[in-house]
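*Asks:* Protein chains in written order, with my numbering: chain L, 1 to 370; chain A, 371 to 740; chain X, 741 to 1110; chain W, 1111 to 1480.
Note that these hints are calculated values from the structure, not bench results. These figures come from a predicted structure and were not determined experimentally. Check each hint, because a few of them may be wrong.
Using 27 Å as the maximum straight-line C-alpha spacing, the simulated DSSO-like pairs for lysine-lysine come out as follows [said to hold, decoys possible]:
{"#": "1", "chain 1": "A", "residue 1": "LYS481", "chain 2": "X", "residue 2": "LYS963"}
{"#": "2", "chain 1": "L", "residue 1": "LYS154", "chain 2": "X", "residue 2": "LYS851"}
{"#": "3", "chain 1": "W", "residue 1": "LYS1253", "chain 2": "L", "residue 2": "LYS143"}
{"#": "4", "chain 1": "A", "residue 1": "LYS513", "chain 2": "X", "residue 2": "LYS963"}
{"#": "5", "chain 1": "A", "residue 1": "LYS490", "chain 2": "A", "residue 2": "LYS513"}
{"#": "6", "chain 1": "W", "residue 1": "LYS1253", "chain 2": "A", "residue 2": "LYS593"}
Covered by chain X, according to a simulated footprint, are these stretches of chain L (three or more residues, beta-carbon under 8 Å) [unchecked claim]:
{"#": "7", "region": "179-185"}
{"#": "8", "region": "202-212"}
Idealized CB from N, CA, C, for every residue including glycine.
4 protein chains.
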Amino acid sequence: MTPVRYRAAVMEGPGTPVALTEYDAPTLEPGAMLMEPLFAEVCGTDVHLSHGRLAGVPYPIIPGHVSIGRIMEISGSVTDMEGNAFSPGDMVTFLDVHETCGNCYYCLVAKAATRCPSRKVYGITYSSCDGLLGGWSERVYLKPGVKTIRIPEKLSPETFIGGGCGAPTAFHAVQRAGIRMNDAVLVQGSGPVGLSAVAFARISGAGTIIVIGAPADRLTLAKAMGADETISLTATTAEERTRRIRDMTGGRGTDVTIEATGNPAAIPEGMTLTRDQGTYVIVGQYTDCGNVEINPHTMINRKHLDVRGCWGSDYSHFHGAVQAMARHGAGVPWHRLAAWQYPLELAAEALADVEAQRVPKAVIRVAGRP
Amino acid sequence: MTPVRYRAAVMEGPGTPVALTEYDAPTLEPGAMLMEPLFAEVCGTDVHLSHGRLAGVPYPIIPGHVSIGRIMEISGSVTDMEGNAFSPGDMVTFLDVHETCGNCYYCLVAKAATRCPSRKVYGITYSSCDGLLGGWSERVYLKPGVKTIRIPEKLSPETFIGGGCGAPTAFHAVQRAGIRMNDAVLVQGSGPVGLSAVAFARISGAGTIIVIGAPADRLTLAKAMGADETISLTATTAEERTRRIRDMTGGRGTDVTIEATGNPAAIPEGMTLTRDQGTYVIVGQYTDCGNVEINPHTMINRKHLDVRGCWGSDYSHFHGAVQAMARHGAGVPWHRLAAWQYPLELAAEALADVEAQRVPKAVIRVAGRP
Amino acid sequence: MTPVRYRAAVMEGPGTPVALTEYDAPTLEPGAMLMEPLFAEVCGTDVHLSHGRLAGVPYPIIPGHVSIGRIMEISGSVTDMEGNAFSPGDMVTFLDVHETCGNCYYCLVAKAATRCPSRKVYGITYSSCDGLLGGWSERVYLKPGVKTIRIPEKLSPETFIGGGCGAPTAFHAVQRAGIRMNDAVLVQGSGPVGLSAVAFARISGAGTIIVIGAPADRLTLAKAMGADETISLTATTAEERTRRIRDMTGGRGTDVTIEATGNPAAIPEGMTLTRDQGTYVIVGQYTDCGNVEINPHTMINRKHLDVRGCWGSDYSHFHGAVQAMARHGAGVPWHRLAAWQYPLELAAEALADVEAQRVPKAVIRVAGRP
Amino acid sequence: MTPVRYRAAVMEGPGTPVALTEYDAPTLEPGAMLMEPLFAEVCGTDVHLSHGRLAGVPYPIIPGHVSIGRIMEISGSVTDMEGNAFSPGDMVTFLDVHETCGNCYYCLVAKAATRCPSRKVYGITYSSCDGLLGGWSERVYLKPGVKTIRIPEKLSPETFIGGGCGAPTAFHAVQRAGIRMNDAVLVQGSGPVGLSAVAFARISGAGTIIVIGAPADRLTLAKAMGADETISLTATTAEERTRRIRDMTGGRGTDVTIEATGNPAAIPEGMTLTRDQGTYVIVGQYTDCGNVEINPHTMINRKHLDVRGCWGSDYSHFHGAVQAMARHGAGVPWHRLAAWQYPLELAAEALADVEAQRVPKAVIRVAGRP
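Next up, chain L with everything else stripped away, as it sits in the complex:
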């Protein structure tokens, strides 16, 4: 009998094209599960990975840190957070971050689990030699203890994967910003994180929401996600942006600004556009894109500004994003971010399209192999 084998799209190393490889079906240790992805995400981080811009990545890797699919196999009994057992056929997703230790200073005293030095991330910190530990694959091996969430019935897979990894990141950023009813909010950036931040700010009862971004089609989408106004980054000067935002905020600037650009130059502008004693959340500087000049007197001290770095997300943010998307997904077009779907064979092309910004994000459709 021929052993079952599964194909995965593998990144051999920085600069090497993504290519399909076959792997033996894994044997499940007790408490493990095997998932067949329906969708796996291709995001900006994967572009960074393809260029070797993240430190300590154990190439070759199977990329894909956020995915959704069906459980195909379970070794023993595995339960969700509520204690309900999973069954084959369940539609699930899982938290890519794994092995937060629960024993270090950051886990125990600082209560900053996203800074735990032991944490591992599916699709990023695991080698393909360690197993099917990334989403660009016909099967994903869910190790014992991987935090798996049953997808609520009201949440369509397209909505979920449209939110993708940007959704929990944006959920975290909006919580960290402490957005409350009526807050005037500026979102800098109209990529996946910025668009989900708009949606979650709107759900949180924000007042005027303004997006600075590009290109035009993303600004259109930003309005559909809940923005009141959008400002084209490329078609305006900094002075024009300042004037328009002052006009919309009683001359004061926004109560809260969320930076989701990946561009250090956004930071002094964002601080300036936030009102005195406002809040500025920096969530878009996930990789090192270099330095930027700020004026600490005018931008932070005299403004009495709160600047909050926002790193990663933990289970509560992932869970919260899923809950909020399930409740509000019918009215927020997250699924439109899942419009660009590629089969596993075209993973390299999907990656190239994301890098060239021909698409805001790409989705690998795995299940139903043609």
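Position chains A, X and W against the provided structure of chain L, taking the given hints into account.
*Replies:* Just chains A, X and W, lined up with the frame of chain L:
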């Protein structure tokens, strides 16, 4: 009969030497009081004023925003916050910030009274043509509504003026930092704000307190104020400072860092020396000393850092500093910062000594004119 | 020439029927304005006033603490919070709470302005001998400094007065509760405060919202305001309520519960229905309705519960409620609470209908005297 | 060769006298350690255990949830939170709470680990059939994953065990209270938790600290721990206590009150003695001592009070208490609470003395068997 006249040290304008001028005794409007300062402070802000570095100052002015002295005259009945009437002879101080409006967006909605655009400040925003509204004077006119505090018996005038305007500023910064028991604290800067920050951090139960500053005698004073360790800014490299602070903090950096330097270059260093998910308070950039480069990825986003600008102080901070100095003043040598006393006639010299950093701070001793 | 006179509905004292009285047109002091109410509210507090249940009320009084109408006369120039001058004809409302002193411990140090002992309240703490200082009148005298808000164009007067004094109270309660996205919320009580709490919780992104209340028509309205589920207080036992709420909350109870009942017996039930480490806001015990037994071990200590008393509201809550009603009023049927309108002549009947709970709330329609 | 056997004091069941039993030396599983206690605590919880007042206790048990001693044996390599390996001879303590799951709603979403349903507690929730899992024993078996802390050199074992389980509990309560510089603090109760709360409030910079308690010698100790004033519960009426506390707090009551009594009747009194918009922490109702009547209008709603239940403690509180006792133990007489020492043979007598309140707390001295 010769009318009574009072002398004041007046700054005619930027670049003009401070000189004594005589003024007629003012007539008190109802609710006003006249105070004879025992001590008035000379601080770094006065140096900035002498060079015209603050915008919108209505020269000529009588400098001196923090002072302590006796009430000489009262028009009608004036009470303190507790409703107790003042009497001539009472030793008092008063909040330099005045006329916070109570009616604007910042006062009413944002609850950010230190950003109220109507606020006025004794010794800075009043012209000498408006009256005796600064501390470098034989009498200070306390307008109706000026928030006046009776000095508690246990608080010596030397302790109070040694704290000076740095004490409420530092009190605010330590509150804004949210310092709690055991927190490892770095204070950048050993000037009056930094030294009081050390004292208030110690009173708040901080663990290890480290000061980076200069010159050597101030670092000695920093230890007397409560620091466990001091690091000379001039005798160390950035690498040495980093290594020493990592060694003292389990390799992580400090839980809280308070920037009190006036030097933008302190900011990237301070962010780097603070631990992940720590708190960085910027209180020392009171005037515009220029830009600085930061790396938003490594210093804020990945660190999940909280950066908090801290501007000015309100009555609660002033009141809190007085209370804390009254309780703890016997054990904290604030009075040593009041060692350099000058008569009113030598105000210009006091200012020159502060500017040249020959003294950490200077005090004008007004009462008991020689 | 006959002097102009205005009619007002006056409460002479506890137990005395409300009756119309005529007053001379007042002379405006500088900074004062005269408003003609379109609508003035009749609420539960007015019932308490008619029975003498509030201490220190200087009868005779003109009731009506929340009203909306047009400015008829202005003495000098009066501006709103943004500095824009009012003009005759402007549709406005004003904060009933007045003369918060800005000088006491509560205003300055505790920053608890709603506990300022100097505050006065239109319709409650002013005698009719002091002027037209209540809404049940053809004119309301807006003293200098009364905080007046221009009604935004998008906010209909019916929506505003339907919210009435319950809206800022509920806005405050929802802010004090810190409701965030996905929070399961229980509102105890389906009166005006409870109904607005439902609306503001929904606007804030709450997850499941449950209301316990009565009678049936208010529960229907509660659903229209945003509740997912309602439970009849009169048709269920405590055990049934507990079971249903556990069923809807994964067995844990609600994240946040807001008590808005006026019935002390609601408190132990509400604490029990809230999950461990949840938040319980008590806003409905505005008058003294007696004691209640709680078990501090099972209801507070072991639960690690946060219990938050919520007293009154300040300008920020009033402003916030107006902003939120302007933005969301089209989708939330606040106007349905303004359906029961009475002319000024029928104020006594309006009060009787509120007391007998024949209507959830009553509105005096003043302008356009028949 | 005779196998090694260890003696432990065992509680067979409610109402049965504590008696010594011998157990075989355990075989260590990988990651386990064996500790010889120097001191183990006898506290009020042990009295409750002896009467069967806690639900679900698997008698027979070896009591003693907090102890300190030396590591005698290690299986494999075990490290502390900082990653430093333990060695035989190390003086350590360990967190009695164990097996917090890290996978449930409370651990992951609510971030309320003290409410995790899986947690187990040494000395309480383990049967003696499960092993040497309580401190009243010649050896304690530290299971793999038990959170063990190396005792800092500056912290004497007497100081540590004098603080005992009251210290982390009080540390948690003081953090939950958010005590800041100058806060006037009332501690209700002068038992081990109350006394440590006084010490941590003092360390946190509190202003006036007042203790209501009994008997007289504990009030004397309360002053030595940092209280400014003490009030005898037995020698005063409620009116006298109210008057004295008003006199010491400007007529307003305390900013923060910590209930540490175990008596429900303390709660209405404590709420009343706290100032408007103050904070009231309930930490003393660890077991169910019955109901109490409160007035929700006067005590919570009108006061705008914050009431915070405080349950158990987690590693951060335990670690924090150890750090603070190490730093401040020389100036705070915790060791005086360790004055009543009993050998293991006299565990029953120690328990009887605690129950009869002949001693504020008792300590079993295990090492150095006579």
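*Asks:* Tell me the numbers of any earlier hints that the structure contravenes, in ascending order.
*Replies:* Those not satisfied are hints 1, 2, 4 and 6.
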